[in-house]
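Undergrad: The chain contents come next:
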Amino acid sequence: MRGGLVLIGLLLASVLLSLMIGQVMLSPVQLWTGLMTGTGPASLTLRVLRGPGIATAAGVGAVLGVSGTIFQILLRNPLAAPDIMGFMSGAGLAVICGIAFGLSLPLPLLAAVGGLLAAVAVAMLSYRRDAAQAGLTLILVGLGIGFFTSAASSFLLTRLSPQDASDAQRWLSGSLAARNWGHVTQVFGLAAILFVITALQVRALALLELGDDLATGLGTRIRRARYGLIATGVLLAAAGVAVAGPVPFVALMAGPLGMKITGARQPGGRLFSAAVTGAIVTVLADLAARSVVPGLQLPVGVMTGILGAPYLLWLLAREMEAGDL
Amino acid sequence: MKQTIGLCIILLIAIALTLGIGVRDVTLMDMLQAFIAFDPTNPVHVVIHSVRTPRLVAALVAGAGLGMAGTVIQSLTRNPLADPGILGVNSGAAFAVVVGALLTGRSDSGWMSAMAFPGAALAAISVFMLGGGARGQAGPVRLALAGTALNALLLSLVSAIVLARNETLEIFRFWVTGSLAQADVRPLAGMSVTAAIGAALALLLAPRIEALSLGSALARGLGTKPARIQFGALLAVTLMTGSAVAVAGPIAFLGLLVPPLARRVAGHALRRELLASAVIGASILLYADTAGRLILAPSEIRVGIMTALIGAPMFIFIARRLRPGAST
Numbered sequence: 001m002r003g004g005l006v007l008i009g010l011l012l013a014s015v016l017l018s019l020m021i022g023q024v025m026l027s028p029v030q031l032w033t034g035l036m037t038g039t040g041p042a043s044l045t046l047r048v049l050r051g052p053g054i055a056t057a058a059g060v061g062a063v064l065g066v067s068g069t070i071f072q073i074l075l076r077n078p079l080a081a082p083d084i085m086g087f088m089s090g091a092g093l094a095v096i097c098g099i100a101f102g103l104s105l106p107l108p109l110l111a112a113v114g115g116l117l118a119a120v121a122v123a124m125l126s127y128r129r130d131a132a133q134a135g136l137t138l139i140l141v142g143l144g145i146g147f148f149t150s151a152a153s154s155f156l157l158t159r160l161s162p163q164d165a166s167d168a169q170r171w172l173s174g175s176l177a178a179r180n181w182g183h184v185t186q187v188f189g190l191a192a193i194l195f196v197i198t199a200l201q202v203r204a205l206a207l208l209e210l211g212d213d214l215a216t217g218l219g220t221r222i223r224r225a226r227y228g229l230i231a232t233g234v235l236l237a238a239a240g241v242a243v244a245g246p247v248p249f250v251a252l253m254a255g256p257l258g259m260k261i262t263g264a265r266q267p268g269g270r271l272f273s274a275a276v277t278g279a280i281v282t283v284l285a286d287l288a289a290r291s292v293v294p295g296l297q298l299p300v301g302v303m304t305g306i307l308g309a310p311y312l313l314w315l316l317a318r319e320m321e322a323g324d325l
Numbered sequence: 001m002k003q004t005i006g007l008c009i010i011l012l013i014a015i016a017l018t019l020g021i022g023v024r025d026v027t028l029m030d031m032l033q034a035f036i037a038f039d040p041t042n043p044v045h046v047v048i049h050s051v052r053t054p055r056l057v058a059a060l061v062a063g064a065g066l067g068m069a070g071t072v073i074q075s076l077t078r079n080p081l082a083d084p085g086i087l088g089v090n091s092g093a094a095f096a097v098v099v100g101a102l103l104t105g106r107s108d109s110g111w112m113s114a115m116a117f118p119g120a121a122l123a124a125i126s127v128f129m130l131g132g133g134a135r136g137q138a139g140p141v142r143l144a145l146a147g148t149a150l151n152a153l154l155l156s157l158v159s160a161i162v163l164a165r166n167e168t169l170e171i172f173r174f175w176v177t178g179s180l181a182q183a184d185v186r187p188l189a190g191m192s193v194t195a196a197i198g199a200a201l202a203l204l205l206a207p208r209i210e211a212l213s214l215g216s217a218l219a220r221g222l223g224t225k226p227a228r229i230q231f232g233a234l235l236a237v238t239l240m241t242g243s244a245v246a247v248a249g250p251i252a253f254l255g256l257l258v259p260p261l262a263r264r265v266a267g268h269a270l271r272r273e274l275l276a277s278a279v280i281g282a283s284i285l286l287y288a289d290t291a292g293r294l295i296l297a298p299s300e301i302r303v304g305i306m307t308a309l310i311g312a313p314m315f316i317f318i319a320r321r322l323r324p325g326a327s328t
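So the sequences go chain by chain: A and B. Counting with the working numbering, you get residues 1 to 325 for the letters of the first sequence. Counting with the working numbering, you get residues 1 to 328 for the letters of the second sequence.
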């Protein structure tokens, strides 16, 4: 409980920090007057310049964090995350296809279809009769699907007109530039629906974590519960990808980091702390992406890539030390 | 013997296709004449000399180099999913090219290739070490994840630099779209020699690498020094992949495709396997390049994309067949 409050405090602090820092520095007092009176420079910053981007970052981080944690609990492996296993680059490929073939479908739908197709491909291709090492096969096959979809994306990029290609390239590296309140509504709307669906499945997730035999014994229909959870996880990742592009490593990092801070062990607590931690990570990464190079907004995915890759390497070293990998 | 002849015929056909197919189709007779009796006023001969031969040489260097490097690294790590691309050579090269252009402002292709080489080499060594290679534990999952992490880091840094400094964007675009098409402006001679030195080193060390793959205790008993052999093999891999990246730009997964085929053709003697890998690697790259030029003619599909689209399914196929209990 106390850990949860700490996390929420951290989130508020990072949002405040992110609102204050930029080309024009604002004090908390200025922000408060801007919020209350609706006039002055702070008001413009809140309404147009920084507000929507930061809100989108928080929403994207939250859905990605929950998505990663669902897979990490389900597969009992800290490496299982939609970005490692190719679901996010599948969603990205679908969106690039949409741009390349001029499909006028909404981005979330495209991203969801792409993510689900990638997940189905990973599940089918990694199926094998002997269950030993199924988790590792899953991760390797996921990496392979990721390689394939990225190759296909870069192929399509070469077929686009230069203008479309540079937009698509920017989108593919995970960008929060020029987001408006429409993006905010979209990601929070989808997040609200999907979080409710996740909450309904928390009990099944807790039982599945205990192992298939025990879960069956306790009356879970494991196959159905697992498919439901996988679908929810993929849709959550797709909701994030649709708004911000395939932002790497947030889904991978949020769960374990959140667990460290709150000490939560139960799936419910882990999902909650992952959502808040994902939001914090993405808001801070967005802040760094805006302010590292003055006068230039880098894609947020560049920052999460720079922060996340050392984490993945550390995780790898630790797993090797423990002999789990 | 039969296999050797078969491989050579396959390679010769690939060479003939590369020289023959293009905007202007060339007959076999023209090809021979262009090399035996070169006539500088004959446009066909000029095309063969100045455009298609450099392309062919680049493909031979890159294909043979990546194929042999793949076989060495797989044999060294006993890991059927090891591949120079997974070791991060391509993103290492891209990073070095962009940083080099940023620091010096130079953008000529000779300079870029010179930067690509150390970048590729450093990335390969880092991933090998991070993936547990020094302790002889570079299993499939570890190496693939260490490579993924380093790739993500380097490519993030590359996009940060490219977006921050517009002048590097053009250089980078030239570099990533680099394929065999720009072979004539790359430093072919120097890189061919470098790759040849790497190949010679690999062939020389082959019996010892084989001894090492039996396990380091047994290798020590047979009188080899594991650390020294590993260093030598890694040096050979770096020389070959570095020059491949420098002449052909980023080419993924060739080192993954070649070794299983080479093993099937040459059996389990590493030296024979290496020779077969060189021929098979060069042939695959030439056929992929020719296919990439034909499928969407008159525009080209970059050969690096072709090999990735063929190689990624192969990666999944091999991942599925890994035996449970095998070293991860």
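Don't read these hints as lab results, they were simulated from the structure. Quick reminder that beta carbons are idealized off the backbone N, C-alpha and C, glycines included. One thing to keep in mind: the hints can contain errors.
[As the list claims (entries may be wrong)] Under 7 angstroms between C-beta atoms, here's a sample of chain A residues computed to sit facing chain B: (1) L140; (2) L143; (3) F147; (4) F148; (5) A151; (6) Y227; (7) A231; (8) L296; (9) V302; (10) L307; (11) A309; (12) L316.
[To be verified] Here are some chain A residues the structure puts well away from chain B; computed CB gaps all over 12 angstroms: (13) S43; (14) G142; (15) G263; (16) G268; (17) V293.
Undergrad: Any of the earlier hints contradicted here, and which numbers?
TA: Numbers 6, 7, 10, 14 and 17 - these are the hints that the structure violates, sorted from lowest upward.
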